[in-house]
Amino acid sequence: MQKKRILIVEDAAYMRDMLSEMLEQAERSYEVVGFAVNGKEAVEKYKELKPDLVTMDLVMEVMDGIQAIREIKKDDPNALIIAISALGTPEQKKAALDAGAGEYLWKPFTIKNLFDALEKLLRKREDERGSAT
Amino acid sequence: MYRNNERIEEGIRGKMIKGLNYRFFILLSTVLACTILAFFVSFIKNETIVYTHFFYVPILLAGVWYRKKAVYIALFLSFVYILATYPLTHLSIDVFARSAIFVAVAYVIGLVSEKRAKGEEKLKETKEYLDNIITSSVDVIAVVDMEGMVRSWNKAAEDDMGYSAEEVIGTSNKKFFADPEEAEKIMRIVQREGGLKNYRTTVLNKDKKQVHVSMSAALLKDKDGVPIGTVRVSRDITKEVGLEEKIKEERDNLNLILESMDDGVYIVSKYYKVEFMNKVLIDAFGYHVGDVCHKVFHNRDDPCPQCKNTEVMKGKTVRWEWDSRRNNKTYDLFETPLKNIKGTISKLTIFRDISERKRMEDELRDAEERYRVIFEHTLTALCVIEHGEVVTLANREFETLSGYSREEIEGKKWIDFIADEDMGRVQNYCEERRKGEAPACCEFKFTSCNGEIKQVNAWIEPIPGANRCIASLLDITELKRKGDELRETCEKLKELDKMKREFLNVAYHEMRSPLAPIVGYASMLERCELSGKGKKYLYIIEQSARELEKMINRMLELARIDSKKIELSLEGLYIPEVVAEVVKGIEPEAKEKKQVISTVVPEVKIQADKQKMVAILYNLISNAIRYTQEGGRIDIMVEDREKEGDIRVCIADTGIGIPEEHLPKIFERFYMVDTSLTRKSGSLGLGLSIVKEYVNLHGGKVWATSEFGKGSKFFFIMPKRQ
Numbered sequence: 001m002q003k004k005r006i007l008i009v010e011d012a013a014y015m016r017d018m019l020s021e022m023l024e025q026a027e028r029s030y031e032v033v034g035f036a037v038n039g040k041e042a043v044e045k046y047k048e049l050k051p052d053l054v055t056m057d058l059v060m061e062v063m064d065g066i067q068a069i070r071e072i073k074k075d076d077p078n079a080l081i082i083a084i085s086a087l088g089t090p091e092q093k094k095a096a097l098d099a100g101a102g103e104y105l106w107k108p109f110t111i112k113n114l115f116d117a118l119e120k121l122l123r124k125r126e127d128e129r130g131s132a133t
Numbered sequence: 001m002y003r004n005n006e007r008i009e010e011g012i013r014g015k016m017i018k019g020l021n022y023r024f025f026i027l028l029s030t031v032l033a034c035t036i037l038a039f040f041v042s043f044i045k046n047e048t049i050v051y052t053h054f055f056y057v058p059i060l061l062a063g064v065w066y067r068k069k070a071v072y073i074a075l076f077l078s079f080v081y082i083l084a085t086y087p088l089t090h091l092s093i094d095v096f097a098r099s100a101i102f103v104a105v106a107y108v109i110g111l112v113s114e115k116r117a118k119g120e121e122k123l124k125e126t127k128e129y130l131d132n133i134i135t136s137s138v139d140v141i142a143v144v145d146m147e148g149m150v151r152s153w154n155k156a157a158e159d160d161m162g163y164s165a166e167e168v169i170g171t172s173n174k175k176f177f178a179d180p181e182e183a184e185k186i187m188r189i190v191q192r193e194g195g196l197k198n199y200r201t202t203v204l205n206k207d208k209k210q211v212h213v214s215m216s217a218a219l220l221k222d223k224d225g226v227p228i229g230t231v232r233v234s235r236d237i238t239k240e241v242g243l244e245e246k247i248k249e250e251r252d253n254l255n256l257i258l259e260s261m262d263d264g265v266y267i268v269s270k271y272y273k274v275e276f277m278n279k280v281l282i283d284a285f286g287y288h289v290g291d292v293c294h295k296v297f298h299n300r301d302d303p304c305p306q307c308k309n310t311e312v313m314k315g316k317t318v319r320w321e322w323d324s325r326r327n328n329k330t331y332d333l334f335e336t337p338l339k340n341i342k343g344t345i346s347k348l349t350i351f352r353d354i355s356e357r358k359r360m361e362d363e364l365r366d367a368e369e370r371y372r373v374i375f376e377h378t379l380t381a382l383c384v385i386e387h388g389e390v391v392t393l394a395n396r397e398f399e400t401l402s403g404y405s406r407e408e409i410e411g412k413k414w415i416d417f418i419a420d421e422d423m424g425r426v427q428n429y430c431e432e433r434r435k436g437e438a439p440a441c442c443e444f445k446f447t448s449c450n451g452e453i454k455q456v457n458a459w460i461e462p463i464p465g466a467n468r469c470i471a472s473l474l475d476i477t478e479l480k481r482k483g484d485e486l487r488e489t490c491e492k493l494k495e496l497d498k499m500k501r502e503f504l505n506v507a508y509h510e511m512r513s514p515l516a517p518i519v520g521y522a523s524m525l526e527r528c529e530l531s532g533k534g535k536k537y538l539y540i541i542e543q544s545a546r547e548l549e550k551m552i553n554r555m556l557e558l559a560r561i562d563s564k565k566i567e568l569s570l571e572g573l574y575i576p577e578v579v580a581e582v583v584k585g586i587e588p589e590a591k592e593k594k595q596v597i598s599t600v601v602p603e604v605k606i607q608a609d610k611q612k613m614v615a616i617l618y619n620l621i622s623n624a625i626r627y628t629q630e631g632g633r634i635d636i637m638v639e640d641r642e643k644e645g646d647i648r649v650c651i652a653d654t655g656i657g658i659p660e661e662h663l664p665k666i667f668e669r670f671y672m673v674d675t676s677l678t679r680k681s682g683s684l685g686l687g688l689s690i691v692k693e694y695v696n697l698h699g700g701k702v703w704a705t706s707e708f709g710k711g712s713k714f715f716f717i718m719p720k721r722q
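Residue numbers (the working numbering), protein chains in the order written: chain W, 1 to 133; chain L, 1 to 722.
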């Protein structure tokens, strides 16, 4: 199975590091292809790298995650995005899902939480494809 | 009735005429016989002396019948005797002596006879006089015999009674009386008493009309003293009786008026004697008619100094107030002269009890005084405005407010106290207030004596029934300044609160962020090979991180509740399922402490927010586990209350319990029963606050009971439908 290419969008360096460390733990399945530190950069990087998955922090400078999700989705409606936030309010979760995020991960999370969310998102996509074909 | 007598008299008179002729004839015969006898004896027998005795017969008769005229008979017979004896005796002394005796005897007999006749005449005259009186009497005079039969009936009787004498004489007198018993009664009284005086009775005339009479009667007796009848004199007093009745009626009316008056009335004579008291006065002072007024009313032996008797007797009407010490009442006395029928003057006094009025006047005076004191000493500036223009009265506080003295204020124009800019507005307000349209309060700028402007709140209230109003002014200058300050502070605080909330939101967010690498790396560390100690340390890190996260979550939740960001997402909850889910999730904790959780849950479904219901149950059960020692038990009981339409949930533990004084406060934020640093487990005391907020959000109620050292019971009620 092909490795899934992942774009990590995070303003905090330690979070970017941790996410890539976690994904390295499953190096056969995932490959981090790039980082972005704000929404604007994320949109640009997405266009450039065309990753399979995006982990999107929601609270960022310049352009926030929700706006970025919308932009990416506008560009590629099939984009798979996991929203990640420390706020965890139902309003924010709803806003992220409405903007086009496939999953919502609440900080803090364990490695298991991350992989579960990713797998859930991928399975959902496969199910959609399966039913489409 | 004397008609009868007249007739009798006439009869007698007729007989008398006949009697007269008869007497004259007899007399003439005897005189003739004597004359013949005298001549016969002297011529035939020549005797002179004998037979002169016969001469006494006519003399005696004439003396009796014709009184002194018998002397003429005697003289005639003497002449005859002398003539007859002359031829025989030549007129002896003896003859003249005998003749003289004739005359003397005749004279004596005539004299005696005349005297007797004069007595009879007088008697007759008297009788006639009496008859005249009886006949002409205006009083009814009747004679009734012992059997009650009428024997005599006079003219007045005929006129008054309508019966003629012929009709009634010889008939019973019973029919004359309105009450037939009356006839016998009168008879009895007259017999017993020998007479009757001014006896009032009612008789019936021929037309059966009632006539009031006053009757006097006397017993008639014969010369042996045996009663033979009664003579009755009656006078028609119908008019008098009518008059008397009228007088009585008038008096009754007067008495009725006096008795029915609400005021007391008495009449006092010139000599201070009480002649009349009406009921009101009798009730107040007792019955004292006949007593002396100053004795009765003032307990004095002599007239009181303030007595008006003398003045009233002189014809003056007086009115004065009297305080009675006998009954502690005040009377308004109206005293006026009263002319009696007899012409004497008495004093009529009307006593009006004005104690109540006096008392009310006193009360009014007291009330006025009270209000004056209030008016004067209240801390609100008060003034009375006449005709909307002039201030006529002001209190001390108004002096303070305005800076003027009272003398300066009173008479000043009301608008002089109003700052120019507010003048029009206040005048409009006053005008509308008079019409009852404006609201009670008006705020304006008040100008005091030195031109200082003060902010006042004014209440202008029209005084009913007068063209004036009372204005109460409250100096709110300071209050307003403070109000402004307060408003500013409030604004600042609101701003601060907003900032705080935003800050806290960011803070909670920022607090969670560093947790992310802790939790994240710890979870990765789990996958590494670790020594026994390493594993233990990792476990502690993970536990602490979880506790910290929970705490931050709760604070976040309460912040959201406070900013009203929480909304219920209602769904049908099957309670046994929810309870089982929560118990299942929490059971490992209980098992660790060897505690038993038992549940009694009926089949009931309610409408509620699942996440919140779970949180409520989770918080209460985990609290129970936390505060119960190893081996204790936790009972969860749900009661389906049909009647109330709700469920009642009870979570009971056998734990340490809560001291009673803490029970009312345990649902407050950050409240902890045990504040010592040595307390067992973390939690900032936010769990129960969240429970309370969630239950309240559902319209329910939460409370707890506890027996310290034995366990606690937490209850909550949740309506089945929202």
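What the hints contain is simulated information worked out from the structure, not anything from laboratory work.
Some hints here could point you the wrong way.
Here are the simulated PhoX-like cross-link-like pairs (lysine-lysine), alpha carbons at most 25 Å apart as the crow flies [what the hints assert, rightly or not]:
1) Lys498/L with Lys93/W
2) Lys73/W with Lys120/W
3) Lys610/L with Lys94/W
4) Lys112/W with Lys223/L
5) Lys533/L with Lys112/W
6) Lys565/L with Lys93/W
7) Lys535/L with Lys112/W
8) Lys223/L with Lys124/L
9) Lys279/L with Lys295/L
10) Lys221/L with Lys112/W
11) Lys93/W with Lys127/L
12) Lys197/L with Lys155/L
13) Lys535/L with Lys500/L
14) Lys584/L with Lys112/W
15) Lys94/W with Lys155/L
16) Lys94/W with Lys550/L
17) Lys93/W with Lys564/L
18) Lys174/L with Lys221/L
Hint check:
For the hint linking Lys498/L to Lys93/W, the alpha-carbon distance of about 23 Å falls within 25 Å, and the restraint holds. For the given pair, Lys73/W sits about 19 Å from Lys120/W by alpha-carbon distance, which is consistent with the 25 Å threshold. For the given pair, Lys610/L sits about 18 Å from Lys94/W by alpha-carbon distance, which is consistent with the 25 Å threshold. Proposed proximity of Lys112/W and Lys223/L is contradicted: the alpha carbons are some 171 Å apart, above 25 Å.
With a CA separation close to 23 Å, the supplied pair Lys533/L and Lys112/W stays within the 25 Å bound. A distance of roughly 14 Å separates the Cα atoms of Lys565/L and Lys93/W; the hinted pair therefore holds under the 25 Å criterion. A C-alpha spacing of about 18 Å is found between Lys535/L and Lys112/W, which places the hinted pair at or below 25 Å, so the restraint holds. With a CA separation close to 19 Å, the supplied pair Lys223/L and Lys124/L stays within the 25 Å bound.
With a C-alpha separation of about 19 Å, the suggested pairing of Lys279/L with Lys295/L holds against the 25 Å cut-off. For the given pair, Lys221/L sits about 164 Å from Lys112/W by alpha-carbon distance, which is inconsistent with the 25 Å threshold. Taking the CA atoms of Lys93/W and Lys127/L, the gap is about 158 Å. The hint is violated against a cut of 25 Å. Proximity of Lys197/L to Lys155/L is assessed by CA-CA distance (about 22 Å); at most 25 Å being required, the pair is judged to hold.
A distance of roughly 40 Å separates the Cα atoms of Lys535/L and Lys500/L; the hinted pair therefore is violated under the 25 Å criterion. Between the alpha carbons of Lys584/L and Lys112/W the distance comes to roughly 22 Å, so the proposed pair stays at or under 25 Å and holds. The hinted pair formed by Lys94/W and Lys155/L fails the criterion: a straight-line CA distance of about 143 Å is larger than 25 Å. Using a Cα cut-off of 25 Å, the hinted pair Lys94/W and Lys550/L holds, with the two alpha carbons roughly 22 Å apart.
With a C-alpha separation of about 18 Å, the suggested pairing of Lys93/W with Lys564/L holds against the 25 Å cut-off. Among the hinted pairs, Lys174/L with Lys221/L is consistent with the structure: their alpha-carbon atoms are about 22 Å apart, no more than 25 Å.
The structure fails to meet hints 4, 10, 11, 13 and 15 from the earlier list, while all remaining hints are met.
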